[in-house]
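K.L.:
Sequence:
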Amino acid sequence: MTAWRTLLLAAAVLLGGCATTTRVDSDVQSFANWTSAVPRPVGFRFERLPSQQTDAAQQTAVEQLALPALAQAGLVLDGPNARFSLQINTQMVTESTWSNPYGPWGPRGPWLAGGRGLHGPFMGPLMPPMEVRSYQRLLSLVLRDLTTGQVVYETQARMDSRWPIGNDLLPAMVTAALHGFPNPPQGLQRITVDLPPATP
Numbered sequence: 001m002t003a004w005r006t007l008l009l010a011a012a013v014l015l016g017g018c019a020t021t022t023r024v025d026s027d028v029q030s031f032a033n034w035t036s037a038v039p040r041p042v043g044f045r046f047e048r049l050p051s052q053q054t055d056a057a058q059q060t061a062v063e064q065l066a067l068p069a070l071a072q073a074g075l076v077l078d079g080p081n082a083r084f085s086l087q088i089n090t091q092m093v094t095e096s097t098w099s100n101p102y103g104p105w106g107p108r109g110p111w112l113a114g115g116r117g118l119h120g121p122f123m124g125p126l127m128p129p130m131e132v133r134s135y136q137r138l139l140s141l142v143l144r145d146l147t148t149g150q151v152v153y154e155t156q157a158r159m160d161s162r163w164p165i166g167n168d169l170l171p172a173m174v175t176a177a178l179h180g181f182p183n184p185p186q187g188l189q190r191i192t193v194d195l196p197p198a199t200p
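For the sequence shown, counting from 1, position 40 maps to 40 in the working numbering; every step adds exactly one.
By construction, these hints were calculated from the structure, which means they are not laboratory data.
A few of these clues could be false.
Here are the computed distance ranges between Cβ atoms for each label pair [said to hold, decoys possible]: (1) Phe31 with Val76: 20 to 30 Å; (2) Tyr135 with Ser36: 34 to 44 Å; (3) Asp168 with Ala37: 32 to 42 Å; (4) Thr147 with Thr21: 35 to 45 Å; (5) Met130 with Pro39: 52 to 62 Å.
None of the values given here were measured: they were computed from a predicted structure.
Cβ atoms here follow ideal geometry from the backbone N, Cα and C, with glycine treated the same way.
Please model the entire structure based on the sequences and the hints provided.
P.N.:
Now the structure itself:
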């Protein structure tokens, strides 16, 4: 009975561990070009590129998801009194590569040419190469001073994954992209943002 209880407790711990914090890693590079003191808060309005007008609903969803992270960095949506405009652009890039399931010495590797590969009366059919996909989510923010027309802040974030990256991780990417705002560190930075477990 004690053994069964131990197993049940171990299973409960493992299942409880599923509701852990999600760590979102983004590669970020930011550029600041302030020509005057940075106001606090930074009042802005959203600006959309012509290409973003074709799917207004999708762009609105992206902007709404970004608002909490923007506010946390000190950027407040204030259309009527905005001094700055903000462009948000995000896209998914998919890359495909082909892998040899047998490794370099399998039936498609060097031994096959010499007659020493995995083949013969007891071998099954050769496995075809497997397609391996990787995904990149790209995010860019461009802040422009409406009085001068100059870009005063630009930041780019990239997240790599073996699985498609949905909009649920977009707020974390915005937080990472605004790391150090309004005076970001120079050069490429790896920024990690922890997301709390999803509420059941």
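K.L.:
Checked against the structure, which of the hints given earlier come out wrong?
P.N.:
none
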